[in-house]
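Quick mapping for you: the protein sequence lines, in order, are chains X and V.
Heads up: the first sequence begins at 390 in the working numbering, then just goes up one per residue.
Heads up: the second sequence begins at 68 in the working numbering, then just goes up one per residue.
A portion of the hints provided could be inaccurate.
Covered by chain V, per the in silico footprint, the following chain X stretches (three or more residues, Cβ under 8 Å) [said to hold, decoys possible]:
(1) 398 to 406
(2) 451 to 464
(3) 468 to 474
(4) 523 to 530
(5) 540 to 552
Computed, partial: chain X to chain V, Cβ under 7 Å [what the hints assert, rightly or not]:
(6) 410
(7) 413
(8) 417
(9) 421
(10) 422
(11) 426
Just so you know, these hints were derived from the structure itself, not from any lab.
Note that CB positions come from ideal geometry on N, CA and C, so glycine has one too.
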Amino acid sequence: MTVLVGQVVLAARSGDAAAFATLVRAETPAAYRLALSIVRSPAEAEDAVQDAFLRAWRDIGNLRQASLWPAWFRRCLVRSALDQTRRRPRIRELDLEQAMNLPGVEPSVLADDRFELMAAFDRLAAEDRAILALRFYADLEVPDVAAALGIPLGTAKSRLHRALGRLREELGQEQ
Amino acid sequence: MNQQERLSEALHATLDVTRPSPDLADRIVERLTIGGRGASHLHVRPLHARLAGLAAAVAVLAVVPLVLGLRANAPSFATASPLALYDRGGLAFDYPATWKLSASLASQDDSLGSGSGPGQVMVTVRKDFLGAPWEVIDPTDPSGISAGESYVTVAGLPAIFKDSGTTLDWQLSVPGLLGYRVRIHAEFSDPGADQLRAQVEALVASVRYDPPPPVLDPVNGPSLAALAVDRERPRDPAFACFPDTIGATATATVTSLPFASLTRPLPVTCSIEIEPVPIGFWRVSLIESWTAASDRPAGSLTTTIWLYPDGTEVGLTGGLGPWASPSGIPYAK
Chain X
390 MTVLVGQVVL AARSGDAAAF ATLVRAETPA AYRLALSIVR SPAEAEDAVQ
440 DAFLRAWRDI GNLRQASLWP AWFRRCLVRS ALDQTRRRPR IRELDLEQAM
490 NLPGVEPSVL ADDRFELMAA FDRLAAEDRA ILALRFYADL EVPDVAAALG
540 IPLGTAKSRL HRALGRLREE LGQEQ
Chain V
68 MNQQERLSEA LHATLDVTRP SPDLADRIVE RLTIGGRGAS HLHVRPLHAR
118 LAGLAAAVAV LAVVPLVLGL RANAPSFATA SPLALYDRGG LAFDYPATWK
168 LSASLASQDD SLGSGSGPGQ VMVTVRKDFL GAPWEVIDPT DPSGISAGES
218 YVTVAGLPAI FKDSGTTLDW QLSVPGLLGY RVRIHAEFSD PGADQLRAQV
268 EALVASVRYD PPPPVLDPVN GPSLAALAVD RERPRDPAFA CFPDTIGATA
318 TATVTSLPFA SLTRPLPVTC SIEIEPVPIG FWRVSLIESW TAASDRPAGS
368 LTTTIWLYPD GTEVGLTGGL GPWASPSGIP YAK
């Protein structure tokens, strides 16, 4: 079933502020989660989402096709999230203990290896977290990961390989 | 589970349960309202020079029905005041330049009028996404209107109108956008309610769409419908039963309907219809019907493929997807 998001995007591109507000309301939760995977701080994630929508509203006239909206906005979001990490010293408000206390998460569900894995992930550089989150959280294929990061496909492949390597190193240090 | 799968599982387990602050989206929308691009898209241009002659002519024409105590059949602005242009999101109309206009992205309403006290008029304009793309205004559908509403035509497209005395409501079609309506709500009061009413009616009579809705050539319909169904067949075996020729019927026993599997085979008759929708789309209706049997009543299921004028697919509605109710569908899982 195709939901007609493209229609809303077309309206927003034509300057329909109400349509853009519809996009903001629809996309904010998912955008927040992807941003949070990169910045690892709820406050920074919210700032990144806000900044991404401001960029998107400013530039949506340049969007060539409505069908490109998801990838195009994802790129805005990733750029905003990475900017957030460069703008301020790293803040780690979302640590693993906090994750365990999130509503709906039973502590017993979080296995030990998940703790270790997320702790290792959290120690990675923001650029590494971004590429891993795009590939393994947003479940994007590598060409789409490259598009989201605005880098060539080959560069994305090598960065992904290196990020996985560094994650293994972090896990090795912990063990 | 390898490391990449473990990472994916851990990321989902950790992040999927997180939520932004409940008011984050509202705060973003509010911020866009204050400093965003919206203002640059709200074109309010006085038309004094261009429309001065027209306004004078309109004023003369408007005097006649007022003198006779009749409401003008063809609404026109009842005063010689200059007009301003509202031009936003593809919708344009003229309104008295003395009215004040305020736009709010946060509330998604634009308000314009002279005020809200006695002898004043206020009009709100709101573009709503109904969340139901198939709900186009169809004057042939009696169930599409509520008590007190009637079908009218605004700017050449179907609309819904309700007259409650001192409030008037229109629901306008939106060219090129499925599931959208522009709602125009006007409130006015004595003294001078008749004149204010005439101003509101003139406003609505001046509505035009920019760009105008595309004209669809019915000759192209059948070939576009056939192509659309061809595109769907490889995606879902449930589309295999539909004939290649529009208007023909085919019979088959299916084990699935669009977007859903059945628990038992179902004998169906399949047909395709296509019709242009005035707001600039083709509506391709894929109809599967079945006769009654001991364990099921007769029924049918319509899946709709919406196409742009050139045949490009907009999307599908109906079927047994999340936008449809499976009630009455036999053997639905």
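Handout entry: residue 417 of chain X as an interface hint toward chain V, with CB separation required under 7 Å
Key = 4 Å, holds
Practice task
For the hint on residue 410 of chain X, just tell me whether its beta-carbon gets within less than 7 Å of chain V.
Solution key: 5 Å, holds
Handout entry: Given coverage of the segment 451 to 464 of chain X by chain V, checked by CB-CB distance under 8 Å (3 or more)
Key = violated (count 0)
Exercise for the section: Test coverage of the segment 398 to 406 of chain X by chain V using CB-CB distances below 8 Å; three residues minimum. Expected result: holds (count 6)
Problem - chain V covers the segment 540 to 552 of chain X, three or more CB atoms within 8 Å, holds or violated - result: violated (count 0)
Exercise for the section: Given that the segment 468 to 474 of chain X was listed as covered by chain V, double-check it with a C-beta distance under 8 Å for 3 or more residues. Expected result: violated (count 0)
Exercise for the section: May I ask you to test the interface hint for residue 413 of chain X with respect to chain V, counting a Cβ-Cβ separation under 7 Å as satisfied? Expected result: 5 Å, holds
Handout entry: Evaluation of the interface hint that places residue 426 of chain X against chain V, nearest CB under 7 Å
Key = It holds, given that the least Cβ distance between residue 426 of chain X and chain V is near 6 Å, below 7 Å.
Practice task
With a C-beta cutoff of 8 Å, work out whether three or more residues of the segment 523 to 530 of chain X approach chain V closely enough for the coverage to hold.
Solution key: holds (count 3)
Exercise for the section: Answer holds if the nearest beta-carbon of chain V is closer than 7 Å to that of residue 421 of chain X; otherwise answer violated. Expected result: Residue 421 of chain X check passes; min Cβ-Cβ to chain V is 4 Å, inside 7 Å.
Exercise for the section: Answer holds if the nearest beta-carbon of chain V is closer than 7 Å to that of residue 422 of chain X; otherwise answer violated. Expected result: 5 Å, holds
Checked against the numbered hints above, the structure violates hints 2, 3, 5; every other hint is satisfied.
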